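When you get a sec, could you build the whole thing from the sequences and use the hints?
Residue numbers (our numbering), protein chains in the order written: chain Z, 1 to 235; chain E, 1 to 102.
Hint data in this document are derived by calculation from the structure and do not stem from the laboratory.
Hints may be right or wrong, so weigh each one.
Said to hold, decoys possible - Footprint (simulated), chain E over chain Z, 3 or more residues, beta carbon under 8 Å:
(1) 114-121
(2) 162-173
As the list claims (entries may be wrong) - Not close to chain E: a few residues of chain Z, all C-beta gaps over 10 Å, as computed:
(3) S9
(4) A16
(5) V145
(6) G146
To be verified - Chain Z residues, not near chain E, derived (Cβ > 10 Å throughout):
(7) R15
(8) L38
(9) S41
(10) R131
(11) L138
(12) Y141
(13) V149
Remember, predicted model here, so these are calculated numbers, not experimental data.
Don't be surprised by glycine CBs; every beta carbon is placed ideally from N, CA and C.
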Amino acid sequence: MEMAPDRASRATGYRAGARALLPLSPAVLLFGASFGVLAQSAGFDPVASIVMSATTFAGSAQFAVMGVLGAGGTAIAAVAAAVLLNARYGPMGLAAARAFTGGRLRRVLESQLLVDESWAVSQEEGRFDRRRLVGAGLVLYACWVGGTVIGVLVGSGLGDPAALGLDAAFPALFLALMVPLIRSRNALAAALAGAGVALLLTPLTPPGVPVIAATLAVLFGLLPERPRRPTECAS
Amino acid sequence: MSAVWLSVLCVGAATIAIKAAGPVLAGDRELPVRTGRMVALVGPALLAALVATQAFSTDEELVLDERGAGLLAAAVAIAVRAPLIVVVLTAALAAAFLRVAT
Chain Z
1 MEMAPDRASR ATGYRAGARA LLPLSPAVLL FGASFGVLAQ SAGFDPVASI
51 VMSATTFAGS AQFAVMGVLG AGGTAIAAVA AAVLLNARYG PMGLAAARAF
101 TGGRLRRVLE SQLLVDESWA VSQEEGRFDR RRLVGAGLVL YACWVGGTVI
151 GVLVGSGLGD PAALGLDAAF PALFLALMVP LIRSRNALAA ALAGAGVALL
201 LTPLTPPGVP VIAATLAVLF GLLPERPRRP TECAS
Chain E
1 MSAVWLSVLC VGAATIAIKA AGPVLAGDRE LPVRTGRMVA LVGPALLAAL
51 VATQAFSTDE ELVLDERGAG LLAAAVAIAV RAPLIVVVLT AALAAAFLRV
101 AT
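This is the structure we're talking about:
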């Protein structure tokens with residue numbers, strides 16, 4: 001099929017984003033399903049689980065709400081935990097802000113596809129590609145919401161994602177996406193400090209705080225920039 | 001309204017607002033050079049924090065379990081420049097294998 005060149009390259013951008021996330025889609029589907037299953041046992045009615053996956057679209061925050069309510073916590077505690085966990089999307093959205101185009105409504109809608117994985121695969125040397133983000137985000141959204149629906153329908157007949165090693169897939173993905181970003185000493189310092197701060201604070205603060213506090217490592221950006229390997233050109 | 005629905009609606013609204021804030025409010029502005037350099041480090045800092053917490057913590061506890069082994073296997077795969085899907089599968093298989101074996 002013939003396509004105008006700009007149109008073809010546009011489709012390529014979306015497709016590249018979608019393709020980048022395909023390896024992870026079974027894991028996301030299963031985690032969505034496990035949310036659907038576990039939320040029911042925590043007292044969620046089926047519609048509430050699906051509405052939450054469709055509007056919040058952020059695994060860790062949803063599991064936190066479920067965990068707090070399931071353990072008998074109040075709605076205020078559940079909301080506070082989720083907002084803390086999702087606060088990282090503030091700096092992430094700021095970093096990707098300039099990639100978004102169009103009017104306010106379109107920005108609001110497209111920014112909803114921002115999650116850790118879509119954000120991570122859409123950046124290259126600190127620049128963000130909106131089409132990759134949207135393509136990747138749509139795949140994740142379909143898997144997450146679809147998985148939740150499956151979980152709600154199937155109930156507890158589903159296997160444990162941990163037994164399949166799926167919980168190990170996510171840190172591996174983030175590591176693989178982080179390594180190419182370490183192109184300068186400052187970036188290396190920021191990564192080490194970010195991980196260090198997060199681990200240090202894990203036993204001391206509520207979930208969500210360690211990852212947000214790790215953002216402080218961006219202060220290394222105030223130091224003069226020096227390339228890590230001056231001989232190697234960016235590729 | 002039940003606590004579940006109250007939480008679902010509040011968290012949904014808050015998350016939509018948090019995600020949209022940057023793209024809507026800061027979208028067309030040129031960032032000053034220093035700010036730009038700091039924003040460029042959000043990636044390495046946050047990704048490293050996600051790696052660390054998702055591999056080595058459960059709730060508020062630091063733990064060393066099969067996920068750590070999976071991460072190590074992934075690091076080897078990354079070092080030999082394996083494609084993303086191989087990296088992710090390597091980690092999952094390593095963790096699953098260790099869980100079965102131990």
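Enumerated hints in conflict with the structure, sorted upward: Violated: none.
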